[in-house]
Structure formats: structure tokens, C-alpha cells
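2 protein chains.
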Amino acid sequence: MSEILSSRVLPRGFRFAATSCGLKKRVHHGSLDLALIVSDAPASAAAVFTQNLVQAPPVVLSRAHVRSSADAMRAVIVNSGNANCSTGPGGMAASRATAQCVAKTLGCRAQQVVVCSTGVIGVPLPVERILKAAPGLAGALESSPRAFDGLTRAIMTTDTRPKRAAASCRIGGRTVRVAGCAKGAGMIHPNMATMLSFVITDAAVAPGVLDRTLRQVVGRTFNCISVDGDTSTNDTLLVLANGASGASKIARAGGGDYAKFVAALEQVCKALALGIVADGEGATHLVEIEVRGAPSDRAAAQVARTISGSSLVKTALAGADPNWGRILAAAGRAGVPFNPDHAEIWLGGVKMYGPPAGASYSVALPLDERAAHRRLLEKNVPIVVNLHRGRGTARVWTCDLTKEYVHINASYRT
Amino acid sequence: MSEILSSRVLPRGFRFAATSCGLKKRVHHGSLDLALIVSDAPASAAAVFTQNLVQAPPVVLSRAHVRSSADAMRAVIVNSGNANCSTGPGGMAASRATAQCVAKTLGCRAQQVVVCSTGVIGVPLPVERILKAAPGLAGALESSPRAFDGLTRAIMTTDTRPKRAAASCRIGGRTVRVAGCAKGAGMIHPNMATMLSFVITDAAVAPGVLDRTLRQVVGRTFNCISVDGDTSTNDTLLVLANGASGASKIARAGGGDYAKFVAALEQVCKALALGIVADGEGATHLVEIEVRGAPSDRAAAQVARTISGSSLVKTALAGADPNWGRILAAAGRAGVPFNPDHAEIWLGGVKMYGPPAGASYSVALPLDERAAHRRLLEKNVPIVVNLHRGRGTARVWTCDLTKEYVHINASYRT
Chain L
1 MSEILSSRVL PRGFRFAATS CGLKKRVHHG SLDLALIVSD APASAAAVFT
51 QNLVQAPPVV LSRAHVRSSA DAMRAVIVNS GNANCSTGPG GMAASRATAQ
101 CVAKTLGCRA QQVVVCSTGV IGVPLPVERI LKAAPGLAGA LESSPRAFDG
151 LTRAIMTTDT RPKRAAASCR IGGRTVRVAG CAKGAGMIHP NMATMLSFVI
201 TDAAVAPGVL DRTLRQVVGR TFNCISVDGD TSTNDTLLVL ANGASGASKI
251 ARAGGGDYAK FVAALEQVCK ALALGIVADG EGATHLVEIE VRGAPSDRAA
301 AQVARTISGS SLVKTALAGA DPNWGRILAA AGRAGVPFNP DHAEIWLGGV
351 KMYGPPAGAS YSVALPLDER AAHRRLLEKN VPIVVNLHRG RGTARVWTCD
401 LTKEYVHINA SYRT
Chain Y
1 MSEILSSRVL PRGFRFAATS CGLKKRVHHG SLDLALIVSD APASAAAVFT
51 QNLVQAPPVV LSRAHVRSSA DAMRAVIVNS GNANCSTGPG GMAASRATAQ
101 CVAKTLGCRA QQVVVCSTGV IGVPLPVERI LKAAPGLAGA LESSPRAFDG
151 LTRAIMTTDT RPKRAAASCR IGGRTVRVAG CAKGAGMIHP NMATMLSFVI
201 TDAAVAPGVL DRTLRQVVGR TFNCISVDGD TSTNDTLLVL ANGASGASKI
251 ARAGGGDYAK FVAALEQVCK ALALGIVADG EGATHLVEIE VRGAPSDRAA
301 AQVARTISGS SLVKTALAGA DPNWGRILAA AGRAGVPFNP DHAEIWLGGV
351 KMYGPPAGAS YSVALPLDER AAHRRLLEKN VPIVVNLHRG RGTARVWTCD
401 LTKEYVHINA SYRT
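As they're listed, the protein sequences go chains L and Y. Note that our numbering has the first sequence beginning at 1, numbered continuously upward. Note that our numbering has the second sequence beginning at 1, numbered continuously upward.
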């Protein structure tokens, strides 16, 4: 995931630039903290935003811009180092000024610009630094992989590495490319997964179809991850489709071309979502939690999310402790009816709780503790829980809870 | 809280004993792991148990015993080091055998004995060690403060210190005493707060009144604390009232005597609940979260609990970071409507977010960061949030989330 994407996989008709304008407190990631994405032609746009009641001005403004220019979006300007949130009326003025400045530079309307911010809450945004840097940023736009790489780094906060992904498909004899990047890495929880993510494609997609597709895909990817249960004030996932591939337009949600596009979009979104979890603050493990045999898919998701949010499960995984008891206890408080005496639990591919041969009661199964511990030291840890109470299934992803998570978040602002 | 209670405050007519029978893996707290409480006369009993779907056999058995002997409870036998949970049918057999053994030794019915276990889940309980030790334990019963101290230590697992409290009141010219102990210190969350706690009183209280009173008091004390959001499989809070004070019987939930008894019971329960949070795994701060101005008390509690469960708030507190932005963001995802632009936040007694003089919008208020940091290094940290959206209020307690919490829980079984 950390290799620079090649120019072969980058969608056509997009250019990128990144710079350092002095918003990041310390020197992070070479201190890049401002980036611009431009689509040469007006693009279809769809987005999902945080569901937190506290929404930063850039979220409020960008939601309005996506609504009014869903068929003609031109640019995204994004800063890290400051969330521009909860700072009074000046916050909205700063976001508006940013959009206007970029629009003027590019020769488009302010409504054709999406504005995103991420970083600390409650500190007034020194917007003059952004306004001063924007023209130079526009002058430095390039379609190169190196320019895309700069974008992926400029949006990072506590991330340890950039998250990017690409996929392609063939539509009507033409190659359609989808690429994206995302930043985490704390305040990650479903509804809406907390992060910034930008996905671009040179497919031609009607705005309504793009919106519907994005919401479906998010339900299976970004909304199935959790780092710490907190949701942020600035979450934004934006997709731009500019049609530069020359492939025929996807005008309705159905048919073979549509299915291929959805698959490519889902591949990119899933890779980015898992990348966020794998790079969750302090994380040492990527944990996939699959719940089967629930009364419904929804109930399965409820159990899976409760397990994924359990501090006790997540700390046990940090210690590579085969502590299936905590998984069972977390499932038991999810509010979904099942009989614990009939449930089964696999951890790291090893069945640890279930009925022994010939028995009707689940118990702790004989376990080679050392081998189980060694298995749980691996990066990827699957958990499977079968409730034996129906046919509902769900799959979510989380990371372990480590001392490093506490360290990062106990000293974030200092 | 850690001083031994004097004999003056211990309720009359109860005796205690504790021993080491080899259930604790390592030498903890002098390795005491089995304790007995006996009321010389049959006592009224009331209890609340875990609401987790996964309930250990001692919980299932004790619930039945309290139901059938609410007017004639004689004893509590409690072990630490093993939760006797999720180990198949043998688990219930072990709890039954324990109750029967104690009953035989004391000359009462098994239904007059409450059985409690706490410790690791899923490991079969070596009940023979308990059965072997029980007669000696019964022979060692004493009413002394030292014996009560042994009980408070024998129930500890990851606790760093025993939690105990006492109160008294005058009823009909007689002194009535209430005393209790509790163990935490992880898997602590409302409904039901995760722990074992035993409260004894020499008041005479009708079983129905005792039950109703306990549920009210729990709603204001044990169900208002959270350490890590996980609930356990063995939570039990038991109250025994044996009438040995000679005070007149409280037969109905009303009147001056009843009010005095409720106040004493609440004083003990609140002290124990706060003691659990203050001794939460790895905790360095006791955090009181008060939410005012909510649409209802229930909504206020929802916001307060969401804040108390936020890993980001709790890690900021571990770092003494005056990060009110995370408090606002947590309130914003609680599902309660309010306008963040009108909310106010005090942290450590310092107003950090609210409208400046003459303004109608809340913003970050001027803050002496160093002074705020110093204030947040103190043990007790109050958080007050005013939503300005109604008259509902709530108060809950939690602790900070430290590296030590992760350390304890990443290596609990090894």
C-alpha cells in the first residue's frame, strides 16, 4: 500500500499539488499540510460526511457545494494541522474564503470547490496562510505519481504512512481507472468512519448514480471499520468522476458496466478502509471480525461492532493473548439474543470455544497456548464467532489497543 | 478508603473469614482467594446481577437463591482467581457443590448461601480446592475488622487496593450500621456496573423494601460508573440486612426511618462505586462528568456516558491535556440534539469553551495552557458540559485511559 502508484493506474484528467504553508505545529511528514486536487473537466461528485452533531464549517460548506455542483465539481482543497472546527463564525468565513480563492485561481465558481480540514479542534484556522499559498499550489499542479504522493502525505496527521489504492476495469473497450487516498488514524468508527478520503476516477458516471453507488460501497467498507469508537467533526469521503477515460457514460445503477465500476470502486474503498485500520493509532494488528449465525445481518453487525469496540478484546490482541472469553463477554452485551452455550469462537484460525465431540455444551477447547500466542503475533488476526441462532452474517475490521495509542492521544496537542 | 474499618462501624451479627486455597495463578494480595460472610441470624437479601447475556453459573445460582431465600439468607462464599464461567455443565455443578458444602458446615439450606466467583473466564474451576477449604474457613469466622479486611482483599483481582466503606444512622433510638466492600477493576460499565460488591447492615428491612431500595440506589451509584465500557459475566451486588441492631423494622418504602436508611446505604454504595473507578485498571484520575441543560435527565445521562466512554477523552485526561474539543466531539455523537455553537464546557473547573462576553457563538476561550495542564494533573478532574437545550442533568464517573490499562489487559492471563 505504501508504494507510489504508477502513472499507469492514475485516472486521467486529474492534477495534484501539495505544499507546506505552516499549519502543522511540528514537522510531521516533511510538514506538507496543504494540497489541491483539480479535475481538468467538470466532474460528477458524490460525498458522505460525518454524522457527528458537531460538524466543522468545511463539512457544512462542502456538503452544500456537492449538492449544488454534483455535475460540475472542479477542485478539492484540503489542509491538515487544523480542523477549523468550533471556532465561531470565523471558521465558516475561513472555509468560504478558501473556496473563493481557489475558484478565482482556477477560473471557476466557489461552489465547484470542496474544502476539507483535519487536525486539532477549537484553534482558529490561520486562513491567510492558505490564501497566500493557494496560487502557488495551483501553479504547481501535475498529473504525476509524485504529485499524487504529495497529496497523500499532506493530509496525514497521526498516520504513520500514506494510504492509497487503485483499481481499473474495462468499460466499452476503454480502461477506466479508480484511485484514492485516505488519512486516519484516530477517531475512527462507523457512521461515518472518521477520516478524509478522496477517490478519483476517469469513468463517466451520472451524479445520481455516483451518489447511490458510493453509499452502497461505504456500507460495506468505510462503515465497517473502527479504531477507537470516536467519530470526528470533519469526516469526508469524496468521489470525483470526470469521464476523461472516454468510456461510455454510466447513466443508471444496473448492467455489466455498472457492476464493473462498482467492483473497482469497492476494491479501492476497501483497501483504503483496511489501510486506515492497519495504520490505526498505535496499532500492531489488523483484526477481521466475522459474525455468523445471527438472527439477521443487522444483528450480526451489532455483535461484530460490539466486539470491535471492546477495549478488553483489543488489549488482549495487543498482548497476543488467546483470550476468547472476552470475545464471548463482548458478544453477550451486544443486545442480540443467542445461547452462549451453543456459540463457537475461532481466534487466529484456531477454534477455542465450542462443543467438544459428542457434547451439546460449548466449553474451552484444548489449546496449545504457546502456538496460539505465536499465531496471534502475526499482523492479521481473524476472529470468527458463530452464534448458531440464524443466518445473519457481518464482517468488520478493527485494530488492537496498544500503549502507543494511549501515548499518541495523551500527548496529541503538546 | 484504604484504612481498616473500625469495629465501631461494622454492622452487628456478621462474621467473616478469608483464606488462600490455591485459585490465584500468581501471588496477588497475599494470595487470599476465598472468603466467607455469615450472618448469625437469617437476613433479608436483595441483589442485582450482570445484564450480560453470558452469565456465569454462580450468577444464575445466586439469583435463584436470593429469590427463594430473600427473607432468610445466611452466607456468601466468594472466590477470586477463576470466574467459573463458560466451562460447560461442570460450572453449575461446581457452584451448587460450593453452596451445599457451606450450607452443611453452617447447618442451613443451600438456598441460604450466595455463591460468587471472579477471575478468568473459560478455565474450569478446581472446585475441590474450595470444598476442602470451606470447613476451615467456617471455623475461622470472626466479627473483627481484621476479618472484614481479609474479605475485602480476598475478592481482589487486578485491584490495587481494597475498596470498603461504612455509614450509620439512628433509627428509633438505635444505631444502624451499613458497611460494604467491592472489587473492580476492569470490565466496568453501567448495566450492571461490573464488579462484586457486598453490603451488610444490621438494620431490619423487609425483603421487598430492601430490593426496591437497592435498585434505586444502584441507579444513582454503581450504574453511573464506567472504566472501560465492557460488562462482565459475573457482576453481583448483594445487600444483607440482619436486624441485629435491634432497631425497629423498616416495613415500607417511606417515612423518616426509611429515608435515613436509604441515605446511609447510598453513602456506602457511592463510596464503593467511586472507589472502583478511582482504582480502575491503570487509572491515575477520577473523573466526574456532569451534563446540564439537556432535553431530559435521560438525554443528559446519554451524553455523560458517551463522554465517559470516549477513548480520546480518557487518553487526553491521562496526559493532563486540556482537550475540550474531544469532549465536544464525544457529546456530538451521543444521539442527543443540541446546538454546539451554544454549548459550554468546563474542564478541571476552568471554562474552556463558550460564548465570550457579548458574543452569541461559543468558541475556545482564552486559556493559560500551562495552568490548565497543572490543574489536570490533580487526582480529581471534574468535567461540566452545558448543552443549553433544556433542564435535564446527569452525573457519571469514570477514570482516565493509561498505558498501564493496556499493560494490565494485554498480559492478564500470562
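Note that these hints are calculated values from the structure, not bench results. Beta carbons: idealized from backbone N, C-alpha and C, even for Gly. Warning: the hint list may mix true and false statements.
Claimed, not checked - Reference listing, derived: stretches of chain Y covered by chain L, where coverage requires no fewer than 3 residues with Cβ under 8 Å from a Cβ of chain L:
id: 1; region: 44–54
id: 2; region: 113–124
id: 3; region: 268–274
id: 4; region: 308–317
id: 5; region: 326–333
id: 6; region: 358–366
To be verified - In silico lysine-lysine, DSSO-like type, Cα no more than 27 Å apart, as pairs:
id: 7; chain 1: Y; residue 1: K249; chain 2: L; residue 2: K403
id: 8; chain 1: Y; residue 1: K270; chain 2: L; residue 2: K403
id: 9; chain 1: Y; residue 1: K403; chain 2: L; residue 2: K379
id: 10; chain 1: L; residue 1: K403; chain 2: L; residue 2: K379
id: 11; chain 1: L; residue 1: K260; chain 2: L; residue 2: K270
id: 12; chain 1: Y; residue 1: K249; chain 2: Y; residue 2: K270
Status of each hint after checking the structure:
1. Note: the region 44–54 of chain Y has 4 residues with beta-carbon separation from chain L under 8 Å; the three-residue rule is met and the coverage holds.
2. Figure legend: the region 113–124 of chain Y, annotated as covered by chain L; annotation consistent (5 residues with Cβ-Cβ distances under 8 Å, at least 3 required).
3. Coverage of a stretch by a chain is defined here by at least three residues with a beta carbon nearer than 8 Å to that chain's beta carbons; for the region 268–274 of chain Y and chain L the count is 0, and the condition is violated.
4. Under a criterion of three residues with beta carbons nearer than 8 Å to beta carbons of chain L, the stated coverage of the region 308–317 of chain Y is upheld, 6 such residues being counted.
5. Under the rule that three or more residues need a Cβ within less than 8 Å of chain L, the assignment of the region 326–333 of chain Y holds, with 7 such residues.
6. Counting residues of the region 358–366 of chain Y whose beta-carbon sits less than 8 Å from any beta-carbon of chain L gives 5, enough to reach three: the coverage restraint holds.
7. Straight-line distance between C-alpha atoms of K249(Y) and K403(L) comes to about 53 Å, which puts the hinted pair past the 27 Å bound.
8. Under the criterion of a C-alpha separation no larger than 27 Å, the hint pairing K270(Y) with K403(L) is inconsistent with the structure, at around 31 Å.
9. Distance restraint check for K403(Y) and K379(L): the Cα-Cα separation of roughly 21 Å lies within the 27 Å cut-off, and the hinted pair is therefore satisfied.
10. Under the criterion of a C-alpha separation no larger than 27 Å, the hint pairing K403(L) with K379(L) is consistent with the structure, at around 17 Å.
11. Simply put, K260(L) and K270(L) have alpha-carbon atoms about 15 Å apart, close enough for the 27 Å limit, and the pair holds.
12. In summary, the hint linking K249(Y) to K270(Y) is supported, as the alpha carbons are separated by about 24 Å, within the 27 Å threshold.
When held up to the earlier numbered hints, the structure conflicts with 3, 7, 8 and fits the remainder.
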